[in-house]
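Asker: As a plain string of letters, each chain reads:
There are 2 protein chains.
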Amino acid sequence: MNKKDISLLKNIDNEILLLSHTAAILGWDQETYMPQNSVEERSSQLALLSALIHEKLTSEITASIFKDIKKYEDISFEKDISENDRYFIRKIFNAYKKQSLLPVSLVKEISKQTSISQHTWAKAKEDNNYKLFKPELEKMISLQKQKAECYGYTGTPYNALLDEYEKGAIVSQIDKIFHDIELRIKNLLDKILVNGNANGNKTGDIEDSFLYGKFDVKKQDAVGRKVLEWLGFDFNSARMDTSAHPFTTTLGFSDVRITTHYKENYFPAGLYSIIHECGHALYEMGFSKELKGTSLAEGTSLGIHESQSRFWENMVGRGKGFAKLFWPVFCNYFPEAGKNRTHEDFFMAVNKVKPSLVRINADEVTYNLHIIIRYRLEKMLVEDKLSVVDLPAAWNNLYKELLDLTPDSDSTGVLQDIHWSTGAIGYFPTYLLGNLYAAQFVATMEKETGNVDDLVEAGNFKIILDWLRNNIHKYGALYTPDELVQKVTEQPLDPSYFLVYLDKKYR
Amino acid sequence: MNKKDISLLKNIDNEILLLSHTAAILGWDQETYMPQNSVEERSSQLALLSALIHEKLTSEITASIFKDIKKYEDISFEKDISENDRYFIRKIFNAYKKQSLLPVSLVKEISKQTSISQHTWAKAKEDNNYKLFKPELEKMISLQKQKAECYGYTGTPYNALLDEYEKGAIVSQIDKIFHDIELRIKNLLDKILVNGNANGNKTGDIEDSFLYGKFDVKKQDAVGRKVLEWLGFDFNSARMDTSAHPFTTTLGFSDVRITTHYKENYFPAGLYSIIHECGHALYEMGFSKELKGTSLAEGTSLGIHESQSRFWENMVGRGKGFAKLFWPVFCNYFPEAGKNRTHEDFFMAVNKVKPSLVRINADEVTYNLHIIIRYRLEKMLVEDKLSVVDLPAAWNNLYKELLDLTPDSDSTGVLQDIHWSTGAIGYFPTYLLGNLYAAQFVATMEKETGNVDDLVEAGNFKIILDWLRNNIHKYGALYTPDELVQKVTEQPLDPSYFLVYLDKKYR
Numbered sequence: 001m002n003k004k005d006i007s008l009l010k011n012i013d014n015e016i017l018l019l020s021h022t023a024a025i026l027g028w029d030q031e032t033y034m035p036q037n038s039v040e041e042r043s044s045q046l047a048l049l050s051a052l053i054h055e056k057l058t059s060e061i062t063a064s065i066f067k068d069i070k071k072y073e074d075i076s077f078e079k080d081i082s083e084n085d086r087y088f089i090r091k092i093f094n095a096y097k098k099q100s101l102l103p104v105s106l107v108k109e110i111s112k113q114t115s116i117s118q119h120t121w122a123k124a125k126e127d128n129n130y131k132l133f134k135p136e137l138e139k140m141i142s143l144q145k146q147k148a149e150c151y152g153y154t155g156t157p158y159n160a161l162l163d164e165y166e167k168g169a170i171v172s173q174i175d176k177i178f179h180d181i182e183l184r185i186k187n188l189l190d191k192i193l194v195n196g197n198a199n200g201n202k203t204g205d206i207e208d209s210f211l212y213g214k215f216d217v218k219k220q221d222a223v224g225r226k227v228l229e230w231l232g233f234d235f236n237s238a239r240m241d242t243s244a245h246p247f248t249t250t251l252g253f254s255d256v257r258i259t260t261h262y263k264e265n266y267f268p269a270g271l272y273s274i275i276h277e278c279g280h281a282l283y284e285m286g287f288s289k290e291l292k293g294t295s296l297a298e299g300t301s302l303g304i305h306e307s308q309s310r311f312w313e314n315m316v317g318r319g320k321g322f323a324k325l326f327w328p329v330f331c332n333y334f335p336e337a338g339k340n341r342t343h344e345d346f347f348m349a350v351n352k353v354k355p356s357l358v359r360i361n362a363d364e365v366t367y368n369l370h371i372i373i374r375y376r377l378e379k380m381l382v383e384d385k386l387s388v389v390d391l392p393a394a395w396n397n398l399y400k401e402l403l404d405l406t407p408d409s410d411s412t413g414v415l416q417d418i419h420w421s422t423g424a425i426g427y428f429p430t431y432l433l434g435n436l437y438a439a440q441f442v443a444t445m446e447k448e449t450g451n452v453d454d455l456v457e458a459g460n461f462k463i464i465l466d467w468l469r470n471n472i473h474k475y476g477a478l479y480t481p482d483e484l485v486q487k488v489t490e491q492p493l494d495p496s497y498f499l500v501y502l503d504k505k506y507r
Numbered sequence: 001m002n003k004k005d006i007s008l009l010k011n012i013d014n015e016i017l018l019l020s021h022t023a024a025i026l027g028w029d030q031e032t033y034m035p036q037n038s039v040e041e042r043s044s045q046l047a048l049l050s051a052l053i054h055e056k057l058t059s060e061i062t063a064s065i066f067k068d069i070k071k072y073e074d075i076s077f078e079k080d081i082s083e084n085d086r087y088f089i090r091k092i093f094n095a096y097k098k099q100s101l102l103p104v105s106l107v108k109e110i111s112k113q114t115s116i117s118q119h120t121w122a123k124a125k126e127d128n129n130y131k132l133f134k135p136e137l138e139k140m141i142s143l144q145k146q147k148a149e150c151y152g153y154t155g156t157p158y159n160a161l162l163d164e165y166e167k168g169a170i171v172s173q174i175d176k177i178f179h180d181i182e183l184r185i186k187n188l189l190d191k192i193l194v195n196g197n198a199n200g201n202k203t204g205d206i207e208d209s210f211l212y213g214k215f216d217v218k219k220q221d222a223v224g225r226k227v228l229e230w231l232g233f234d235f236n237s238a239r240m241d242t243s244a245h246p247f248t249t250t251l252g253f254s255d256v257r258i259t260t261h262y263k264e265n266y267f268p269a270g271l272y273s274i275i276h277e278c279g280h281a282l283y284e285m286g287f288s289k290e291l292k293g294t295s296l297a298e299g300t301s302l303g304i305h306e307s308q309s310r311f312w313e314n315m316v317g318r319g320k321g322f323a324k325l326f327w328p329v330f331c332n333y334f335p336e337a338g339k340n341r342t343h344e345d346f347f348m349a350v351n352k353v354k355p356s357l358v359r360i361n362a363d364e365v366t367y368n369l370h371i372i373i374r375y376r377l378e379k380m381l382v383e384d385k386l387s388v389v390d391l392p393a394a395w396n397n398l399y400k401e402l403l404d405l406t407p408d409s410d411s412t413g414v415l416q417d418i419h420w421s422t423g424a425i426g427y428f429p430t431y432l433l434g435n436l437y438a439a440q441f442v443a444t445m446e447k448e449t450g451n452v453d454d455l456v457e458a459g460n461f462k463i464i465l466d467w468l469r470n471n472i473h474k475y476g477a478l479y480t481p482d483e484l485v486q487k488v489t490e491q492p493l494d495p496s497y498f499l500v501y502l503d504k505k506y507r
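Residue numbers (this note's numbering), protein chains in the order written: chain A, 1 to 507; chain B, 1 to 507.
Some clues are possibly wrong.
If chains are identical, the list can't say which one is meant, so a pair holds when it fits in one copy or spans any two.
Stated by the list, open to error - Under the rule of at most 25 Å between Cα atoms (straight-line distance), these lysine-lysine pairs were calculated in the PhoX-like manner:
| no. | residue 1 | residue 2 |
| --- | --- | --- |
| 1 | Lys4 | Lys108 |
| 2 | Lys447 | Lys487 |
| 3 | Lys292 | Lys108 |
| 4 | Lys385 | Lys400 |
| 5 | Lys112 | Lys289 |
| 6 | Lys324 | Lys354 |
| 7 | Lys112 | Lys292 |
| 8 | Lys263 | Lys218 |
| 9 | Lys10 | Lys112 |
| 10 | Lys10 | Lys56 |
| 11 | Lys112 | Lys56 |
| 12 | Lys108 | Lys56 |
| 13 | Lys123 | Lys263 |
| 14 | Lys167 | Lys289 |
| 15 | Lys191 | Lys352 |
| 16 | Lys214 | Lys263 |
| 17 | Lys385 | Lys131 |
| 18 | Lys71 | Lys167 |
| 19 | Lys3 | Lys289 |
The set of hints was computed from the structure by calculation and includes no laboratory data. The model shown is predicted, which means the values in this text are computed figures rather than measured ones.
With the hints as constraints, model all of the structure from the sequences given.
Answerer: Rendered as structure tokens:
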């Protein structure tokens, strides 16, 4: 590949990035401020942008540059090209290869269906009406299966979808890890439920009623913004709004946006979704300036992304140090709720382990079982082992099996998550992988920075963020998840770090 | 032109419309919620969208369809094509002809410079620092002159720019109308200042201090939303936010957005900017469904657009009927301000004629002089008769000449308006044309609906809106401004309607 080709590719990549950010703006607006009657038209706008991205990526120029289709999969090609350029070429080559396998009609259809079924999902959830959502989900699953067939796969079509979110991950490996995690977590959960929670208190004894009640939303918002400042969230390059389902999206190198949702009657819902999304946002705000304007300025995978959000949410935000630091702020805004309580009560309350129905409010231990349920179900849907009409029953059965609970409605059951409505199938397992990556990263981090809890208690968030920036964030999508884990921790992914972390915290 | 060509053109037109709406979303976001560090990147995103629109409009397909460049200027071509399709073809042909004269590099450069100089203007206005803005304005004027040269023109290059905003308008005609208006308005103003305002009160005697004070912004917002409901603003297809400079923008057939700005110390600023922008929005919400998805679903010109906003703002919102209807609402929200006052006091206060420095807060009479000042200046800038460095002095001289006032700072002087920073040169005269169109339309309307003031007093806004929809809004951009005025009022534009309206109201 000559210099002119590389320069051509960089131009195309930059235009694709600008169009992707443009689509992100439309998506953000749709979830935050768009008038309700505009859903259909917004979906047409997004479909056109998808088609334009597809066209640019699969143009005659890229096709001619990439005519030797095997050459660019391995980073060792053409040693005379600089290392960074080779990583860049690999990245855009992989995107090209995938897109060139998809007909533009399918790209447009998926984009359009995404807006429609997402909107229908929101309505169905609100009305507790799975029937309304069912035909849209059927269309979406069918489109995702078509996509998998276009990509091609070994073993199960689910592998083709999984690879979109976690480059290199495969079902056989995930099955093995998740099987092991499931056994160990259930074992730990049984012990916690019998022997009591962290600090030896029995589950039933952990008092968390002071976090339920009436928490003024404006005050919650003020508290949330204070915490965001502590963590290093830059309001000149980012913002926070509210939406039905919290999310993070990137609209530009200097424009990262998170959303949260406040529950007036349950304080932790707002705070921890803010810290979680802030973790994603800090990753997106931490890419090296050298990557600006290229598609390397993005998180390398959803699993790595989730390692950042779960790290900040659980290992920082649910640590003892945070409880100590945060407690005076909480009491200042909500003196009634804080009366006769201590930071230790707060720590215990936000770490209370208790099987529950809703994933995003689940504790760190049972959370993983929520993911395993979704992983199993979506795999069956894609592999034609489960039909969309039987999904709610299958959902409820698995909740009974793994968490010994039955949803009282589809809104708190199968309709609780936005993901499937957006076509995000193969996405859920990255949440669990994120926990595993996070624990492994932290074990390495603490060798250099010392104990995270101590740093947080002292308000030294900057030391933590600097370590993450220098070791993870700055690389953006230069390395694959596997390469990054190896580079940072000097070993491949090892789930035992996470299990040790849980054991230590909860036994 | 065969059916296949028409269908091809409609597809292209639809894609251009979707991209234009996408650009509008980015523009809206930039003025409302975008983090400040993202200006440069947003400008790149917008520049790419402009280039894509340019590409689509000037593609080989359109070029080959429109190869006979003269044929489509007149609506009488090819009588076998349906009338609506002929209007559609004329519209896209005109857009094609203009765009095909511009090199894509200039399109991109203007788009990029727009974001940058708009941002610089905002900062310069805030800091009262014209020097900061000067180099950006110079670049913008130079780009606009380049554009005029590309388009070509007869007489002055200003004609080429004016035509962008008011199809068919030319300087020689505007000069004549504005000269006449200037003399008549100055004459009326002299009489008002000597003899007193409407109802015979002397200007100095009109008591409007109760509209200055402390008006809680949240309450102003609630009042504004109530008025929007009265007027027929549909919150399911539209929304209102705040921004530095109020504006209306269309993000889709069912997604029209207005912004306002509240002044805590002056009540009318918020209310009347809301009513004004609502007038624009009602036009955009009133296009016939048949035009959906085509570029005919837009206002036909800025002058006609302004006729709608100025009609609602002044002829409705500053009428006696509105004062009567609105007064109890005002007193309910602001009982202190309303104490010992009547709806008549309100009517007198919001119609107080007094020369002032800031256009958007000017009364109906002096407003026109503000426009004439800007028209004269921008024409000189484009014709190289005035340089950007001398603009503030020229501005101040004209304010002295026409309004006998001198700005105390550039922020309230030459920097007060956003327009020039966005490259909108040739735009200001449409504000005055809007007043003229409005008065002529209302004279026709009242023959059918009866007195507007009476309808408003009774809350019968729907009758007014229905008339506007059926006679003006539904046509979108089907007709040129001239054709529309002729169709609605059965005569060409006649400025005397407006002068008669002013005379009647203020003498």
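Asker: Compare the structure with each hint and give your call.
Answerer: Hints versus structure:
no., hint, verdict
1, Lys4 <-> Lys108, "between (31 Å within a copy, 23 Å between copies)"
2, Lys447 <-> Lys487, "within (15 Å within a copy, 81 Å between copies)"
3, Lys292 <-> Lys108, "between (28 Å within a copy, 20 Å between copies)"
4, Lys385 <-> Lys400, "within (20 Å within a copy, 82 Å between copies)"
5, Lys112 <-> Lys289, "between (34 Å within a copy, 21 Å between copies)"
6, Lys324 <-> Lys354, "within (23 Å within a copy, 62 Å between copies)"
7, Lys112 <-> Lys292, "between (29 Å within a copy, 18 Å between copies)"
8, Lys263 <-> Lys218, "both (11 Å within a copy, 23 Å between copies)"
9, Lys10 <-> Lys112, "between (28 Å within a copy, 20 Å between copies)"
10, Lys10 <-> Lys56, "both (12 Å within a copy, 23 Å between copies)"
11, Lys112 <-> Lys56, "both (19 Å within a copy, 21 Å between copies)"
12, Lys108 <-> Lys56, "both (14 Å within a copy, 18 Å between copies)"
13, Lys123 <-> Lys263, "within (19 Å within a copy, 38 Å between copies)"
14, Lys167 <-> Lys289, "within (24 Å within a copy, 46 Å between copies)"
15, Lys191 <-> Lys352, "within (14 Å within a copy, 79 Å between copies)"
16, Lys214 <-> Lys263, "within (9 Å within a copy, 33 Å between copies)"
17, Lys385 <-> Lys131, "within (20 Å within a copy, 70 Å between copies)"
18, Lys71 <-> Lys167, "within (18 Å within a copy, 56 Å between copies)"
19, Lys3 <-> Lys289, "within (22 Å within a copy, 52 Å between copies)"
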